[in-house]
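Mind docking chain H on chain D? Use the hints.
Residue numbers (our numbering), protein chains in the order written: chain D, 1 to 308; chain H, 309 to 470.
Be a bit skeptical, because a hint or two may be false.
To list a few chain H residues with every Cβ distance to chain D over 12 Å, as calculated [unchecked claim]:
| no. | residue |
| --- | --- |
| 1 | Val373 |
| 2 | Ser387 |
| 3 | Ile416 |
| 4 | Glu419 |
| 5 | Pro423 |
| 6 | Gly452 |
A few chain H positions that, by computed beta-carbon distances, are all more than 10 Å from chain D [said to hold, decoys possible]:
| no. | residue |
| --- | --- |
| 7 | Gln325 |
| 8 | His339 |
| 9 | Gly361 |
| 10 | Thr372 |
| 11 | Ala389 |
| 12 | Lys400 |
| 13 | Leu406 |
| 14 | Arg422 |
| 15 | Gly435 |
| 16 | Met453 |
| 17 | Ser462 |
| 18 | Asp467 |
| 19 | Ser469 |
| 20 | Ala470 |
Not everything, but these chain D residues come out facing chain H in the computed CB check (under 7 Å) [unchecked claim]:
| no. | residue |
| --- | --- |
| 21 | Asn16 |
| 22 | Arg20 |
| 23 | Ala23 |
| 24 | Arg24 |
| 25 | Ile29 |
| 26 | Asn31 |
| 27 | Thr94 |
| 28 | Gly95 |
| 29 | Gly96 |
| 30 | Leu98 |
| 31 | Gly100 |
| 32 | Arg102 |
| 33 | Val103 |
| 34 | Asp109 |
| 35 | Ala123 |
| 36 | Gly206 |
Treat the hints as calculated values from the structure; they're not laboratory data. This one's a predicted model, so the numbers in the text were calculated from it and none came from an experiment. All residues carry an ideal CB built from backbone N, CA and C; glycine is no exception.
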Amino acid sequence: MMEATSVGDELQSALNGDRRAMARMLSSIENGEFKPENIPAKPTATEAHAWTVMAITGAPGVGKSVLVDALMTAWATEGVRVALLAVDPSSPRTGGALLGDRVRMTSVDNPTISDRVYVRSIATRTSSGSVPLIVEDMAAFLLACGWERVLIETVGSGQAELRCAAVADRIVVVEGPARGDGIQAEKAGLLELADIVLVNKADLEGAERHAGELMESYALDGEDAPSVLLTSGLKGIGVPEAAKALLSLPGSNRALRARMRERLLAQHERRLVQHPAYNAVLDGLCEGTLDITEALTQLKGDDHERAS
Amino acid sequence: MKGGVDREAVGRRIMDQPLRIVVAKPGLDGHDRGAKVVARALRDAGHEVIYTGLRRTSQQIVDTVRDEDARFLGLSSLSGAHAHLFPQVCEKLREAGLDDVVVFGGGIIPEDDRPALHAVGIRAVFGPGTPTSEILEFIATAAGMNDAGVGQSSTWHWDASA
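Pulled out of the complex, with its shape left as it was, chain D reads as follows (with noise of 0.2 Å):
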C-alpha cells in the first residue's frame, strides 16, 4: 500500500521509473515538501542533447498547445523520452486553477509512444510571472528520472513577460499570423530573447507575411539572429521540419545579460515569497498597519533561504 511508502522508497522508484512515485514525487517538489538540493545532479547538455529544458512561449491563442503536442509525437515516435510541463494561471483571487491543456493533447494518449511521452499540468500559484519558479525543480527531477528532454509550456504571455528565460537553456517563440503591422515586429521584448521564432497556424493569411516581416527584422541583428520557421500544429504543416531544427537548436550568447537579468529577478522574487513572514506581511498591507516600506525591510533576507 502507498501509505507504507517511505519519501526514500517512492523516490528511489522514481528514479528507477515508475510513473506514479515520480507524480508524486513532484507534487512534493511543487509544495516544497522534498527540497531541491536533494534532486540528483541535472545531466548537462552533450553532444547529442545540445539542451535539456526548453520554453515554448507566445501569446494566447497562438497554438502552443497543438504544436507542443505535434512536436513531441514527431520526438516520441523517433524515440525521445520527451516530458511537458504545462503551465496555466492560477486564480490571483481563490488560488484555484482550471489546467485544460490536455484538451489539445494526443501524444499522451497514443498508445504506441505514451511511454515516451510525459504531460504534468502545473498552476502559476503564488509566482507572478508566466513560469513560476519552482519548474526549474521540477524539470532537473524529470531529468534525473530518465526523461531527455523537458518542454515547459508558459503561460500565454505578452512582449515584456521574460520570466520563462530564468528556467530554460532554449526559448521558442511562438507567433500567429497576422499579429499587427510590420512595426510589431521591431519592438523589443520576447522576440530579442528567442532562440528561434515558429509562425504557426500557417495555412492562415497573414501567416507568410509576419514571418517575412520577423525575418527582415531579425536581418538587422546580425549572424546570431534566430531562425523563423512557418509551421501549423494542427494541419502538420512544418513539423518534421521544425521537430528536427528544434531538436538540435544551438544556443546563443544573444541577450545573455537579459536572460541572466530574469534569472536573478526571479530567484529573488522566490526568495520573497518563500519568506515565512510573507503572508503576514501580505495581511498588514491589506489592512493598513504596514507601508510598503516597512514591508520590505520585514521580508529583507535573513536566514530564511537556507530553509527554501
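Positioned in the frame of chain D, the structure of chain H alone reads:
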C-alpha cells in the same frame, strides 16, 4: 452529519495546499456543460482542476490521474455509459495502484443505478440540479478522511440531494 468530520480542520488542510482534481468525461457523449460547471466551481473553491476534454477511454483517464497525481477524480456521463464505464475506471485505478484516489460521479444517472456505483467505490453520485456547494462539501468531507479512496476500506458514501 456525515462521518463525524471536523469541518474546520478540513478547511484548514485544504487551504494549505490546493487539491488536484481530474474532471473527465468517459464514453462518447459530447455534452460537457455539467463537467465544465463543476470544474469551474472547484476552481473557484481554490482547487487545481485538470480537465481532460471529451470522449476519453477508461485507460486514458487512469493514466491522467496517475501522471497528474490527482487526489480526486470526477466522472461525468449523460449517455447511460455510467453503468459500464464508471466501474471500469474504478477497477483500472485499483489495478494501477491508485487506491487512495477518491472518485465521484455526476450526470444523468438514475437513482436505481446509484447503489451499484457506490458498491464499486464511487463515493458520491450527483444528479442535475445539485448545488455546487454540496459538491464542495463532499470534497471537503472526503479530503478529511483517510480511507475514502477507491481501493480503500471505507464503505461510506455521500447521499446526494439530487
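These are the hints, each one checked on the structure:
1. Val373: At about 9 Å from chain D, Val373/H fails to clear the 12 Å cut-off, so the statement is violated.
2. Ser387: 19 Å, holds
3. Ile416: Answer for Ile416/H: holds, closest chain D Cβ roughly 22 Å.
4. Glu419: 31 Å, holds
5. Pro423: 27 Å, holds
6. Gly452: 16 Å, holds
7. Gln325: Violated, since 5 Å does not exceed 10 Å.
8. His339: 15 Å, holds
9. Gly361: 4 Å, violated
10. Thr372: Since the minimum Cβ distance to chain D is about 7 Å, Thr372/H lies within 10 Å and the statement is violated.
11. Ala389: 18 Å, holds
12. Lys400: 13 Å, holds
13. Leu406: 7 Å, violated
14. Arg422: The claim stands: Arg422/H keeps its Cβ more than 10 Å from every Cβ of chain D (closest is about 28 Å).
15. Gly435: Fine: 23 Å to the nearest Cβ keeps Gly435/H off the interface.
16. Met453: For Met453/H, whose nearest Cβ neighbour in chain D is about 13 Å away, the distance exceeds 10 Å, so it holds.
17. Ser462: 14 Å, holds
18. Asp467: 26 Å, holds
19. Ser469: Answer for Ser469/H: holds, closest chain D Cβ roughly 24 Å.
20. Ala470: 24 Å, holds
21. Asn16: 15 Å, violated
22. Arg20: For Arg20/D, the interface hint holds, since the closest Cβ of chain H sits about 5 Å away, which is under 7 Å.
23. Ala23: 4 Å, holds
24. Arg24: 5 Å, holds
25. Ile29: 11 Å, violated
26. Asn31: Hint holds; Asn31/D Cβ to chain H Cβ min 5 Å, cut 7 Å.
27. Thr94: With a closest approach of 5 Å, the Thr94/D hint holds.
28. Gly95: With a minimum Cβ separation of about 5 Å from chain H (threshold 7 Å), the hint on Gly95/D holds.
29. Gly96: 4 Å, holds
30. Leu98: 5 Å, holds
31. Gly100: 5 Å, holds
32. Arg102: Given a least distance of 6 Å, the restraint on Arg102/D holds.
33. Val103: 4 Å, holds
34. Asp109: With a minimum Cβ separation of about 5 Å from chain H (threshold 7 Å), the hint on Asp109/D holds.
35. Ala123: 5 Å, holds
36. Gly206: Because about 29 Å separates Gly206/D from the closest Cβ in chain H, which is outside the 7 Å limit, the hint is violated.
Violated hints, listed in ascending order, are 1, 7, 9, 10, 13, 21, 25 and 36; each of the other numbered hints is respected by the structure.
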